[in-house]
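J.: Using the sequences provided together with the hints, build the complete structure.
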Amino acid sequence: NAGVTQTPKFQVLKTGQSMTLQCAQDMNHEYMSWYRQDPGMGLRLIHYSVGAGITDQGEVPNGYNVSRSTTEDFPLRLLSAAPSQTSVYFCASSKAGFPSGRAFDTQYFGPGTRLTVL
Amino acid sequence: AQKVTQAQTEISVVEKEDVTLDCVYETRDTTYYLFWYKQPPSGELVFLIRRNSFDEQNEISGRYSWNFQKSTSSFNFTITASQVVDSAVYFCALSEDFTGGFKTIFGAGTRLFVKA
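Residue numbers (this note's numbering), protein chains in the order written: chain A, 1 to 118; chain B, 1001 to 1116.
Incorrect hints may have been included.
[Unchecked claim] Selected chain B positions facing chain A (Cβ under 7 Å, derived; list incomplete):
1. P1041
2. E1044
3. F1047
4. L1048
5. R1051
6. F1054
7. F1106
8. G1107
9. A1108
10. G1109
I should point out that these hints are in silico values taken from the structure, not numbers from a laboratory.
Where a beta carbon is used, it is the ideal one built from N, C-alpha and C, also for glycine.
T.: Right under this line is the structure:
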């Protein structure tokens, strides 16, 4: 298993540009999520999905869109990048599912994408 | 609301010293999970332990041990005989249930420096 993969590893954007951060997992996990990591603030949840076709907002969703058309993929879209979105982005997945999503499970993280918006 | 506090921003120790990383959490749920993750300088997040709210047994894994106390809402992490390779940022996290799934909140992290 490759686990959770993210592409690209590094990206530099100009203000106003759009892009998609890719995340894929091959563990058949139902739950996937996106976090951003900023210095001194830990990880903050952006969006999450409890299964294909189902997404919802986390703590800091503004400026980001997600979709979940397959179990494996959970892309994160920045529609109009802003310098405040400069961060390291982590994708994670776990087994917990919907509607039984009471089964907490460990989240496994991808290697991260370091994004700089100029 | 859920909250995770890691009051120690940075800790510096000399190799072979024991070190305890503190984690205090807030939650209104009776069912929740607590986690510790390690982030070495290479940047990846490595899962260390998961503990559910109904299991207050302490756990030891090699040089690592965890002390979970619901009475004080704490889930502290101790490294015994620290090594240089333990230098990393350590995150404590809390997962709570909600309709349709769960959410995880991370603490701000504690950066541990272990000097040779």
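J.: Under 7 Å, Cβ to Cβ, is where A1108/B needs to be relative to chain A, so tell me if that hint holds or is violated.
T.: holds (4 Å)
J.: Is the interface hint for E1044/B satisfied, with its Cβ closer than 7 Å to some Cβ of chain A?
T.: At 5 Å from the nearest chain A Cβ, E1044/B passes the 7 Å test, so the hint holds.
J.: Less than 7 Å between beta-carbons is the criterion; does L1048/B satisfy it with respect to chain A?
T.: Cβ of L1048/B sits 10 Å from chain A, so the hint is violated.
J.: P1041/B was flagged as interface toward chain A. Is the shortest Cβ-Cβ separation under 7 Å?
T.: Check failed: Cβ of P1041/B comes no nearer than 13 Å to chain A, outside 7 Å.
J.: Holds or violated: the hint that G1107/B contacts chain A, with Cβ atoms closer than 7 Å.
T.: Cβ of G1107/B sits 5 Å from chain A, so the hint holds.
J.: Would you check whether F1047/B satisfies its interface hint, that is, whether its CB is within less than 7 Å of any CB in chain A?
T.: Hint on F1047/B: holds, closest Cβ of chain A at ~5 Å, below 7 Å.
J.: Return the status of the interface hint for G1109/B: holds when the least beta-carbon distance to chain A is below 7 Å, violated otherwise.
T.: holds (5 Å)
J.: At a threshold of 7 Å, is the proposed contact between F1054/B and chain A supported by beta-carbon distances?
T.: violated (12 Å)
J.: Holds or violated: is the Cβ of R1051/B closer than 7 Å to a Cβ in chain A?
T.: violated (10 Å)
J.: Was the hint right that F1106/B lines chain A, CB cutoff 7 Å?
T.: holds (4 Å)
Of the numbered hints listed earlier, those contradicted by the structure are 1, 4, 5, 6.
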